[in-house]
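Going line by line, the protein sequences match chains A and B.
First residue of the first sequence? That's 39 in my numbering, and the numbers climb one at a time after it.
First residue of the second sequence? That's 313 in my numbering, and the numbers climb one at a time after it.
The reader is advised that the hints may include incorrect statements.
Pairwise CB distance ranges (calculated) [unchecked claim]:
#	chain 1	residue 1	chain 2	residue 2	range
1	A	54	B	392	47 to 53 Å
2	A	64	B	321	33 to 39 Å
3	B	363	A	117	40 to 46 Å
4	A	54	B	340	40 to 46 Å
5	A	117	B	329	47 to 53 Å
Simulated from the structure, these hints should not be mistaken for lab results.
Quick reminder that beta carbons are idealized off the backbone N, C-alpha and C, glycines included.
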Amino acid sequence: AQSVTQLGSHVSVSEGALVLLRCNYSSSVPPYLFWYVQYPNQGLQLLLKYTSAATLVKGINGFEAEFKKSETSFHLTKPSAHMSDAAEYFCAVLTSGAGSYQLTFGKGTKLSVIP
Amino acid sequence: GAGVSQSPSNKVTEKGKDVELRCDPISGHTALYWYRQSLGQGLEFLIYFQGNSAPDKSGLPSDRFSAERTGGSVSTLTIQRTQQEDSAVYLCASSLEDYSPLHFGNGTRLTVT
Numbered sequence: 039a040q041s042v043t044q045l046g047s048h049v050s051v052s053e054g055a056l057v058l059l060r061c062n063y064s065s066s067v068p069p070y071l072f073w074y075v076q077y078p079n080q081g082l083q084l085l086l087k088y089t090s091a092a093t094l095v096k097g098i099n100g101f102e103a104e105f106k107k108s109e110t111s112f113h114l115t116k117p118s119a120h121m122s123d124a125a126e127y128f129c130a131v132l133t134s135g136a137g138s139y140q141l142t143f144g145k146g147t148k149l150s151v152i153p
Numbered sequence: 313g314a315g316v317s318q319s320p321s322n323k324v325t326e327k328g329k330d331v332e333l334r335c336d337p338i339s340g341h342t343a344l345y346w347y348r349q350s351l352g353q354g355l356e357f358l359i360y361f362q363g364n365s366a367p368d369k370s371g372l373p374s375d376r377f378s379a380e381r382t383g384g385s386v387s388t389l390t391i392q393r394t395q396q397e398d399s400a401v402y403l404c405a406s407s408l409e410d411y412s413p414l415h416f417g418n419g420t421r422l423t424v425t
């Protein structure tokens with residue numbers, strides 16, 4: 039079964055500092071990987087996706103993620119944190135079987151940005 | 313364009329009552345999903361619809377939960393005889409096709425008292 043693990047349920051960074059949110063996946067086949075962001079009282083918004091093209095994927099709001107097969111990782115980064123980045127971030131892997139498709143999510147990482 | 317729309321945004325109900333949650337997916341999206349988000353449980357898959365195919369109901373937690381999708385568009389999630397542990401945010405998502413990113417609604421926050 040495919041799954042993702044997010045290390046750190048809560049990460050705090052100073053405004054302007056590097057953001058690094060970790061995600062490791064478990065998959066027996068080439069995975070489709072996603073990062074979503076959730077702001078308070080809202081649904082999830084797609085940040086970026088990896089679909090076996092370029093290993094470095096650029097997303098919205100200055101975020102990017104690098105797929106590393108050797109490390110089974112798909113960490114999310116942003117060079118300089120902004121106050122508006124404070125939110126919860128979810129890594130997800132597309133799982134499929136018997137004609138069904140679904141996203142399996144990690145537990146999420148809540149990002150706090152300190153002024 | 314319009315995104316995924318869910319109603320109501322908030323629902324408070326008494327234990328034992330039935331509730332219906334509605335989802336209007338993005339027009340033209342063939343796949344529709346329901347997820348449940350609760351503290352300590354993260355995001356749980358509930359059910360998946362794709363076109364006219366039989367839905368994947370493998371994530372429904374009990375037979376009190378059911379969902380239907382009429383005309384390949386609007387979906388309703390029904391919870392019968394609600395229990396306090398059903399309190400959560402219920403998120404609906406749709407996608408253009410399989411392997412496409414999911415677009416989420418803002419969810420329905422259900423509170424069972």
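TODO: Please name the hints from earlier in the document that this structure breaks, with their numbers sorted from lowest to highest.
DONE: No numbers; nothing is violated.
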